[in-house]
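S.K.: So the chains spell out like this:
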Amino acid sequence: PLARCCCCCCCCRFLPTDEPDTLFQKVVVLVKGHDRAVLDSYEFFATMAAKELGITMAKVFEPPKDIERLTLLKSVHIYKKHRVQYEMRTHYRCIELHHITGCTAQVYLEYIQRNLPEGVAMEVTKTAMEKIPDHILEPMWKDHPIDDKPSK
Amino acid sequence: MALLGGRMFLSLGRSNISNLGLKQTTNRVTYATALSVNSSAGNKERGGRGSVGRRPRRDPGEPRTGKMPVDQDWASVYPSATPFRSNAVPLPVRMGYPVKGGVSPEKKGNLELVKIPNFLHLTPAAIKKHCEALKPFCTEWPSALDTDAKCDEHFPIKIQSSDYVSAGPSVRNPSARIVHLKVKLSSLNLDEHARKKMLKLVGERYCKDSDILSIKTDCCPLRQQNYEYAMYLLTVLYHESWKIEAWEAEKTAADMEEYSWEDSPSQKNILDTLLRMKVAGEGEEAEVREQLLARGEVQEYKDSVVRLKNEGANENSMLQYKEAVKKVLNV
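Residue numbers (full-length UniProt numbering), protein chains in the order written: chain A, 1 to 152; chain B, 1 to 331.
Keep in mind that the hints are not guaranteed to be accurate.
Claimed, not checked - Partial chain B-side listing against chain A, Cβ under 7 Å, derived:
id	residue
1	Ile157
2	Gln160
3	Ser162
4	Ser166
Claimed, not checked - Sample of chain B residues lacking proximity to chain A, with all beta carbon distances greater than 10 Å (derived):
id	residue
5	Asp73
6	Val99
7	Val103
8	Pro117
9	Pro124
10	Ser161
11	Ser186
12	Lys216
13	Leu234
14	Ala253
15	Lys302
16	Glu311
17	Asn316
18	Asn330
Worth flagging that the hints you see were computed from the coordinates, not collected in a lab. Beta carbons are placed, not taken as given, at the ideal position from N, Cα and C, and that holds for glycine.
Based on the provided sequences and hints, a complete structural model is requested.
M.R.: This is the structure we're talking about:
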């Protein structure tokens, strides 16, 4: 993985580091918008970008849309029988990526998010995998036996 | 009026300033007269509002689309997200509600095309170029971890967190601090007592079917803090479950997680019943009981009772109990 080097010279800004890369088992990108055509184009862009960067896509699907409707009075004062109805439609698109490293995920997500069109929101759920930390491998009571104090 | 003022300055003897002033006044005068002639001749309807300082209007000329070659580099026309410009996009696009008896309005001066977000800066060629530039910063997935089973074996702890991107008064989203930690208990180093104690400590956070312990932390304001708190909870649970306290020796049958048949009232009852039926041969009581226990029917009865107590009363378990009872009592 690469990290920014602190020196100000513009020639080499990124140097390889020894810090271990995070591994993501699953990255789910959910995009929400009011316009289905915009989400179609965005999906084409995101899938193509993933293919070019060599990321495995598990699923690309469209969850059903949500419609929020409200009924309001048409007039400012009285006329209760005359109402007007509005609705807000939220369309969704879901892209699931499997087996992606931390660096690649950062690059891909930043690219995707910088090109997010106006009026579209995104929710990214990352599932990272980790090893069991060293202090949970063995119980500590084996080396340090407990005292006979009554615990509360 | 202006010329008279200039002459007055001359008489005062400030030659430089007066020369400049004279030139400016003369320029202004000539410009104004030229303009006034044009404005009065041409745009009488405008009420003369634009007569001072107004340049003559030029014709727009041919739009840029006419001069674009077919094999041009489109990424240089639309390098980043820009609103739609009808004279820069060489496509015959129409958008909007059709005019009565006609088609949608054309692209020139069309607000609908400007309002909708366009992806003209993200053509396939542009995406490929961007990805080529981004490739050096990506790393490859280790080839040894192909399947989920291998991933679970080497990396059993799963940390799940969410990021939110949206437009609004604030960039922050408070739900981004929530961290879910999921571990399979089979991957932790626990013995029987530790496992049972862990299940008692954890309570509802454990799912029996999938053997996954999930801890959700959202008490701290930052995600890093919540993650560290989750790891701390896991460590504490693990070490506490290995501890054996003095009061744990007082565990009664009601505290047990699973039903065990040995030394239970059910075992005593079945043995007493069989002894009274005088099924086995004569001998000492302890030996007779052992012989009875070793019998196949008694073992089947034991299995059916254990299943009933643990799983509950469904059809299959009741049928199994019925068959076992019939065999044991020779009915």
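S.K.: Are there hints from earlier that the structure breaks, and if so, what are their numbers?
M.R.: 8, 9, 10 and 13
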